[in-house]
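Novice: Chain residues, written in single-letter form:
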Amino acid sequence: MQIKFKVNGEAREIEVTPFHRLLDLLREDLGLTGVKEGCGKGECGACSVIMNGRLIPSCLVPAPQADGAEIITIEGLAEGNSLHPLQEAFIETGAVQCGFCIPGMIMAGKNLLDENPSPNEKEVRTALSGNICRCTGYTKIIEAVMLAADKMDSKGSGSDE
Amino acid sequence: MSDKQYSVKDYYCKHTTRCSSETIKDSKRFVGQDILKADAEDKVTGKAVYANDITFDDMLYLKVKRAVHPHAILKDIDTSKAKKVKGVVDIFTAEDIPDLRKFGLIIRDQPVLVALGKTMRYLGDALAVVAAESIEAAKKAVDLIEVKIEELEVITDPFRAMEADAVNIHPDGNILITHNLETGDVEAGFAESDIIVERKYQTQFIDQLPMQNEAGTAFYDERKGRVNIWAATQWLHDIQADVAQSLRLAKDQIRIIQPTIGGAFGKKEDVSVHIHLAIAAMRTGRPVKLTFSREESMITQSKRHPITIINKTGVSSDGYLKAWQTKFIGDTGAYASSGPAVVHKGMYHATGPYNVENIKGISHAVYTNNTYAGAMRGFGTTQGAFAYESQMDIMAHELKMDPAEFRQKNIYQLGSCTPNGQRLNHSVNAEETIKKVMELSGWKGGK
Amino acid sequence: MKQENKQTISGRDFEKYFQVKNLKKALEIKAKYEDQILLIAGATDVLVENYEKLHEIKNWLDLSRVKELKFLEVKEDKLILGPLMTHYELKNSQRLKQKLPLLAKAAAAVGSPQIRAKGTIGGNICTSSPAGDTLSALLALDASFKLQSKIDSRLVKAEDFFLAPKRNGLKDNELLTQIEIPLYPEESLSFWAKIGRRKALVISTLNLALVLYFEQGLIKRAGVAVGSAAPTPIRLREVEELMLGKSLAELNYRELGEEVKKRVSPIDDIRGTKEYRENVVRDTMVNALKSIEKRREGGKNAD
Chain A
69 MQIKFKVNGE
79 AREIEVTPFH
89 RLLDLLREDL
99 GLTGVKEGCG
109 KGECGACSVI
119 MNGRLIPSCL
129 VPAPQADGAE
139 IITIEGLAEG
149 NSLHPLQEAF
159 IETGAVQCGF
169 CIPGMIMAGK
179 NLLDENPSPN
189 EKEVRTALSG
199 NICRCTGYTK
209 IIEAVMLAAD
219 KMDSKGSGSD
229 E
Chain B
205 MSDKQYSVKD
215 YYCKHTTRCS
225 SETIKDSKRF
235 VGQDILKADA
245 EDKVTGKAVY
255 ANDITFDDML
265 YLKVKRAVHP
275 HAILKDIDTS
285 KAKKVKGVVD
295 IFTAEDIPDL
305 RKFGLIIRDQ
315 PVLVALGKTM
325 RYLGDALAVV
335 AAESIEAAKK
345 AVDLIEVKIE
355 ELEVITDPFR
365 AMEADAVNIH
375 PDGNILITHN
385 LETGDVEAGF
395 AESDIIVERK
405 YQTQFIDQLP
415 MQNEAGTAFY
425 DERKGRVNIW
435 AATQWLHDIQ
445 ADVAQSLRLA
455 KDQIRIIQPT
465 IGGAFGKKED
475 VSVHIHLAIA
485 AMRTGRPVKL
495 TFSREESMIT
505 QSKRHPITII
515 NKTGVSSDGY
525 LKAWQTKFIG
535 DTGAYASSGP
545 AVVHKGMYHA
555 TGPYNVENIK
565 GISHAVYTNN
575 TYAGAMRGFG
585 TTQGAFAYES
595 QMDIMAHELK
605 MDPAEFRQKN
615 IYQLGSCTPN
625 GQRLNHSVNA
635 EETIKKVMEL
645 SGWKGGK
Chain C
7 MKQENKQTIS
17 GRDFEKYFQV
27 KNLKKALEIK
37 AKYEDQILLI
47 AGATDVLVEN
57 YEKLHEIKNW
67 LDLSRVKELK
77 FLEVKEDKLI
87 LGPLMTHYEL
97 KNSQRLKQKL
107 PLLAKAAAAV
117 GSPQIRAKGT
127 IGGNICTSSP
137 AGDTLSALLA
147 LDASFKLQSK
157 IDSRLVKAED
167 FFLAPKRNGL
177 KDNELLTQIE
187 IPLYPEESLS
197 FWAKIGRRKA
207 LVISTLNLAL
217 VLYFEQGLIK
227 RAGVAVGSAA
237 PTPIRLREVE
247 ELMLGKSLAE
257 LNYRELGEEV
267 KKRVSPIDDI
277 RGTKEYRENV
287 VRDTMVNALK
297 SIEKRREGGK
307 NAD
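Chains as they are written, first to last, in the numbering used here: chain A, 69 to 229; chain B, 205 to 651; chain C, 7 to 309.
Read the hints as simulated data drawn from the structure, not as lab findings. Keep in mind it's a predicted model, so treat the numbers as computed, not measured. In this text, a Cβ means the ideal position worked out from N, Cα and C, and glycines have one as well. Among the hints, erroneous ones may be present.
[What the hints assert, rightly or not] Here are some chain A residues pointing at chain B (derived, C-beta under 10 angstroms):
id	residue
1	Glu-111
2	Ser-197
3	Cys-201
4	Leu-215
Input sequences plus hints: build the corresponding full structure.
Specialist: See below:
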């Protein structure tokens with residue numbers, strides 16, 4: 069079946085089957101391999117993307133459900149060579165180790181900051197609670213999201229997309 | 205963000221040893237400084253390429269038919285129905301590659317594919333590999349492979365494995381390796397002890413659980429007679445050698461290219477996708493990909509050893525350790541992997557950072573039909589730490605002594621000697637560490 | 007190296023994928039295919055259950071676009087909910103938090119932010135897991151489910167709906183189309199707790215819902231239900247009755263905890279042992295009553 073949707077602002081039209089997940093569609097068909105599969109069962113958060121303004125596990129979305137959707141993946145955050153403040157903050161705080169969880173973590177961070185531009189630490193922890201990291205112990209990831217909030221705040225409103 | 209700040213050229217030097225001659229002149233450039241990681245930008249933008257992110261045109265997808273029983277003889281395997289699935293290009297079993305050799309990190313005891321009449325020893329053993337145009341076709345074909353087996357006793361407990369009437373999992377018996385440790389005179393030590401404590405400790409299987417499952421892509425370069433494999437591994441050259449010997453190829457016919465690794469923690473020391481990828485690439489002449497699901501990764505690849513530790517310790521009434529006797533029984537699962545090194549390493553650390561003159565220990569790494577155990581952060585010592593620190597607390601309690609004070613009395617100092625005879629000549633800060641922990645935790649003493 | 011569309015779509019094993027836009031059409035399809043069709047809404051349970059087997063599913067009925075099944079309304083003395091309401095929407099609904107904080111709290115404990123954004127309360131009900139987080143809350147709140155077929159509809163009480171682990175009273179031609187929860191005029195205070203090994207992404211080792219409705223200091227109505235402590239989530243009517251007509255001061259919390267403990271039949275599993283669950287359910291009941299007592303004294307509704 070044919071579906072139409074927008075990924076990172078670009079309109080796409082593609083043939084899908086219900087046994088392909090949004091995750092497969094993004095990775096295999098569109099080559100957006102920044103979206104990672106860690107468990108395939110919604111437990112790890114590595115495949116998180118933003119669909120219609122909500123953070124969702126792309127491994128638990130049958131591809132046809134993406135019809136008409138607007139999707140943002142990790143590949144859609146930087147504008148040209150200019151990184152998103154979250155991406156800058158993850159680099160600066162040393163929040164990145166093996167990196168496999170990072171796309172999902174950053175998307176979860178973005179989803180939080182879109183809704184709540186100045187979260188406290190507890191809110192950050194809750195927002196990231198669906199994302200597992202096995203390297204860092206989370207401390208620096210939480211710092212990174214807090215730092216990104218500061219960066220975005222100091223840029224003033226309207227700096228976010 | 206300025207270009208300068210994130211120039212790869214700037215930071216590359218900071219993260220490799222290539223520029224070490226340059227950095228020695230100005231060591232303060234890095235010591236005490238925040239260093240940005242060279243590959244962080246690729247990772248935060250999703251550009252970093254992990255093994256499963258590599259694809260080729262015309263690529264085939266592999267899926268492995270795993271053992272259907274944890275301990276059984278393979279009597280028959282029928283792939284005829286599976287071969288009829290639309291999209292299946294190739295299915296191979298051990299019968300198709302008769303001169304395959306076994307593989308393994310230390311002892312080569314693991315078959316690439318279980319042959320007819322041979323034994324599957326755990327649920328991760330490979331029986332057949334399917335190569336197909338799509339992953340769905342490969343899965344479907346795997347489900348249609350029919351297997352006949354003769355069941356054997358399933359041994360999940362190393363103590364059962366060591367009993368005389370237990371069936372042998374490997375031809376030379378179920379005790380893979382035994383190590384001994386002896387220093388001083390442990391009996392004399394117990395004789396001069398006022399309190400003797402004996403306790404048994406049990407640890408469990410732990411999966412290293414890196415975020416990225418085992419995955420790889422390969423293609424066979426016929427002109428050069430070389431298989432190129434993109435797969436994460438912690439031992440690039442050992443894996444290259446092991447794959448080559450298993451396939452009876454020269455080492456330079458196997459090229460392993462390391463993509464970004466999504467975590468390993470010991471789990472990616474062992475061969476996983478590599479040999480199956482190489483065979484499939486050579487047989488089909490097409491690029492091939494093999495990705496494990498999380499379940500497959502958990503069933504098939506290594507774990508932290510469950511170790512049963514029996515500590516018997518003697519201590520004088522004024523709180524000095526006099527004798528330490530220990531026994532480590534490690535469940536190494538179906539294959540050796542790093543087991544021969546892990547279990548006795550744990551035993552060598554049995555006394556932790558504490559001075560004991562009289563020590564006696566024995567360790568056995570034992571085969572069972574569980575998923576094999578191998579390397580994981582600490583390599584046997586974490587299991588030992590659980591046992592010796594628990595033992596120290598119990599002894600302190602028996603002595604009615606503050607456990608912090610008891611530890612300080614026995615802690616390694618400069619000049620202390622480890623159980624296997626290593627003299628500690630510098631950087632022994634164990635006592636300072638204890639003091640700092642007491643200070644930071646606001647330790648108020650206890651008995 | 008990256009190429010679009012390189013994985014050949016094989017087999018096309020699936021026959022039909024219905025993405026219906028209205029309930030009428032959904033009911034017609036359900037009447038025709040009965041149990042030969044897989045229902046999805048948020049898909050968070052179904053895709054986990056069928057991991058690596060999605061290509062084996064022949065017929066799909068995707069309800070996610072049926073707008074008329076997504077609503078939250080207060081009608082007279084009832085709060086009515088569409089089964090397509092996501093846990094995220096329930097957790098954030100000001101109206102729900104005000105009227106039935108117990109359910110909002112239970113919805114907030116489901117899975118993770120990602121799962122809550124996708125998973126629906128209808129899915130939680132129809133999966134009928136003994137551990138389903140919202141189910142104890144629905145039981146304690148005396149919810150009823152409207153089960154509709156092409157021909158007619160019926161209202162089933164939550165406590166009559168769950169039959170066995172992952173089995174319920176839905177017939178093959180029926181869909182869950184509405185959840186009804188009575189609203190009472192009396193002052194009410196509620197408690198919901200989930201016991202698990204982590205705070206997020208954990209299946210309940212145990213969950214407990216308690217709601218008490220007070221009239222002039224006496225308990226006029228009560229709802230007690232537990233999850234993961236029996237083959238289905240269960241409502242404990244007998245325990246409720248022990249509290250009726252009494253003030254909090256007249257209750258013996260410990261004894262009520264023991265009464266709850268007596269009526270559960272948990273099993274040993276990877277999340278916890280029978281013994282652990284029995285003891286924890288007792289203590290959680292005591293904590294629930296203490297928590298309500300504290301808030302009553304403070305005169306606050308907040309937990």
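Novice: Indicate, hint by hint, whether the structure satisfies it.
Specialist: We went through each hint and held it up to the structure:
1. The interface hint given for Glu-111(A) is met, as the beta carbon of that residue sits about 8 angstroms from the closest beta carbon of chain B, less than 10 angstroms.
2. Hint on Ser-197(A) is violated. Least Cβ distance to chain B is approximately 16 angstroms, over the 10 angstroms limit.
3. Nearest Cβ of chain B to the Cβ of Cys-201(A): about 7 angstroms, under the 10 angstroms cut. The hint holds.
4. Among the interface hints, the one on Leu-215(A) is violated; its C-beta lies about 13 angstroms from the nearest C-beta in chain B, farther than the 10 angstroms criterion.
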